[in-house]
Amino acid sequence: MEEKNKNTEEGIKKEYLKKKPVSVEAHQIPTLSMTDGVLIPNKKNKHIVTSWRITFYGAIILLACLCLFVTKTNSKGVTTHPYWEIFKFTIQGAPTTFQVTIFAIIGAVIIGTATGLGSVSKNKIVNGICGIYVELIRGIPLLVQLMFLYFALGSIIHLEGIVAAIIAFSICFGAYMGEIIRAGIQSIPKGQIEAAKALGLTKSQVFWYVTLPQTIKVVLPAIGNEFISMLKDSSLVSVLALSDILKRGREYISRTFMSLETMLIVALIYLIFTLILSKLVGMMEERLHKNG
Amino acid sequence: MAKIEIKNLNKDYENNDGSILHAVKNASLTVNDGEVVVIIGPSGSGKSTLLRTVNSLEKAQGGHIIIDGVDIMDPSTDLRKIREEVGMVFQSFNLFPHLTVLDNITLAPMKVKKMKKAEAEKLAMELLKRVGLEDKAKQRPGQLSGGQQQRVAIARSLAMKPKAMLFDEPTSALDPEMIKEVLDVMVELAKEGMTMLLVTHEMGFAKAAANKVVFMDGGEIIETGTPDEMFENPKSERTKEFLNHIL
Ligand SMILES: Nc1ncnc2c1ncn2[C@@H]1O[C@H](COP(=O)(O)OP(=O)(O)OP(=O)(O)O)[C@@H](O)[C@H]1O
Ligand SMILES: [Mg+2]
Chain A
1 MEEKNKNTEE
11 GIKKEYLKKK
21 PVSVEAHQIP
31 TLSMTDGVLI
41 PNKKNKHIVT
51 SWRITFYGAI
61 ILLACLCLFV
71 TKTNSKGVTT
81 HPYWEIFKFT
91 IQGAPTTFQV
101 TIFAIIGAVI
111 IGTATGLGSV
121 SKNKIVNGIC
131 GIYVELIRGI
141 PLLVQLMFLY
151 FALGSIIHLE
161 GIVAAIIAFS
171 ICFGAYMGEI
181 IRAGIQSIPK
191 GQIEAAKALG
201 LTKSQVFWYV
211 TLPQTIKVVL
221 PAIGNEFISM
231 LKDSSLVSVL
241 ALSDILKRGR
251 EYISRTFMSL
261 ETMLIVALIY
271 LIFTLILSKL
281 VGMMEERLHK
291 NG
Chain B
293 MAKIEIKNLN
303 KDYENNDGSI
313 LHAVKNASLT
323 VNDGEVVVII
333 GPSGSGKSTL
343 LRTVNSLEKA
353 QGGHIIIDGV
363 DIMDPSTDLR
373 KIREEVGMVF
383 QSFNLFPHLT
393 VLDNITLAPM
403 KVKKMKKAEA
413 EKLAMELLKR
423 VGLEDKAKQR
433 PGQLSGGQQQ
443 RVAIARSLAM
453 KPKAMLFDEP
463 TSALDPEMIK
473 EVLDVMVELA
483 KEGMTMLLVT
493 HEMGFAKAAA
503 NKVVFMDGGE
513 IIETGTPDEM
523 FENPKSERTK
533 EFLNHIL
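Going line by line, the protein sequences match chains A and B. Numbered by the working numbering, the letters in the first sequence go through residues 1 to 292 in order. Numbered by the working numbering, the letters in the second sequence go through residues 293 to 539 in order.
Don't read these hints as lab results, they were simulated from the structure. Predicted, not measured: the structure shown is a model, and the values here were computed from it. All C-beta atoms, glycine included, are put in the ideal place defined by N, C-alpha and C. Just to be clear, a hint being listed does not mean it is correct.
[To be verified] No farther apart than 16 Å at their CA atoms in a straight line, the calculated lysine to aspartate or glutamate pairs in the EDC-like style are these: (1) Lys-453/B / Asp-366/B; (2) Lys-351/B / Glu-251/A; (3) Lys-299/B / Asp-370/B; (4) Lys-405/B / Glu-377/B; (5) Lys-351/B / Asp-363/B; (6) Lys-190/A / Glu-377/B; (7) Lys-428/B / Glu-413/B; (8) Lys-455/B / Asp-366/B; (9) Lys-203/A / Asp-370/B.
[Stated by the list, open to error] To give an idea of the interface, some chain B residues facing chain A are shown, with a C-beta separation under 8 Å as derived from the structure: (10) Asn-347; (11) Leu-349; (12) Arg-372; (13) Arg-375; (14) Met-380; (15) Phe-382; (16) Phe-388; (17) Lys-403; (18) Val-404; (19) Met-452.
So here's chain A without its partners, still in its complex pose (with noise of 0.2 Å):
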């Protein structure tokens, strides 16, 4: 009866990061999904897929009449497409964001990790140590940390400015992501690693063949939804000299004043690249669950 309740216990856990909530079920297939942002489309949630597919295409749509369709014709009288020479010149910014986003992602994977098994371990200093390291991230904004690191690791050791903004990037989400793996490795309900020691497999080898794919499992689609969270907060670098999708934007307006068409531009393109992500990690998801 006790070990029933306690599963049931387990199962319902709830862990806020990010002021984010972060639900962690501990049952057959465990998931931890949270919920920021663009909602995850998912064939259970008909009104979110629904809802989803008006967001995307609607952009689609409008990106392309926008384009397409409004011509301006200047005092020499000759006619261009405003909106296409905005999204034209935007666009090369593409490359930033995502250069930006996938290393940064990958960067703080790792942190995250050691973060996450730190915050697990019973090494009271190595424990304390990734406590303070979250504390300190979560305690400051991220543009704050992203300059200070920024120009930290730029005069202090001469990096180049992208190889700066990703590490501090890195940094900032890595304590988040220690959070996701923390949530995650104490998601695998204790019955898994008795069971495994049971059997006379050392520590190491419960963790490597139990633990971690398991884990890897449950943490996934968090780490999914950290991908869309970064490649939106990567707009932040173009407060750096990074030319993203942002600053190109920005500087298209310091030239032609054209404020408000170019901020639209630059919205719908960063509106379709995180639908077209969160519909990426949505079907991750079902796979995940088809082969729990």
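Since chain A is already given, all that's left is putting chain B with the ligands on it; use the hints.
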């Protein structure tokens, strides 16, 4: 096969408020080579705790646990080695959900005993056949019924060729119609001479397969006897009361 001697065992838990809970008090019990010993008792009486100290999933504070002459309470004893030799089956099966049935069984032989994959799989298939599940080798635990999962868990444990087996309420989480298929496997094991220490309230099993029944209450071993002695005329009032409650 093996002989398990538990001598004057004590296990305390410290509660969150700092108070001490005596989960097992001065318990002594011998399971001879090839014997089947069943522990019964009310919830919270320390049955699981006693069982779990035998393969050191819980560390006892005092006393001795001697398996084939080796005292596992001795700090120099390699606990991992003991766990290799003493199998354990849990109430909640604890199969690894990310691995197939076959991989669940071959994991420990391959990683701990460094057995070759082909050899481990052959052994696993033999064991699956023995528990009547050779057709489930490629499935995931989540696709099996509770009774089937527990039989796989028994096969997984047997794959390490243990000298003794511990069972902690192996049928308590099962629907009634699945209990028999698991008990049949256990009775078969007992017949083959496996040394077994179990916590179970399946009196039918105790009568059919046990050499000894142990009644625990409040962390203490109150009474020990053959199944007939215990079920027909128990000496202690507490045993009587408990048996009236469950029979
Ligand atoms: N990890 C623990 N920390 C603190 N107290 C514990 C722990 N595990 C068990 N206990 C306590 O020790 C006592 C004995 O528990 P145990 O699980 O051995 O009982 P049990 O006889 O197996 O009961 P059940 O029939 O419910 O399984 C109980 O009072 C229980 O609350
Ligand atoms: Mg118990």
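Hints the structure violates: just list their numbers, smallest first. 1, 2, 3, 6 and 8
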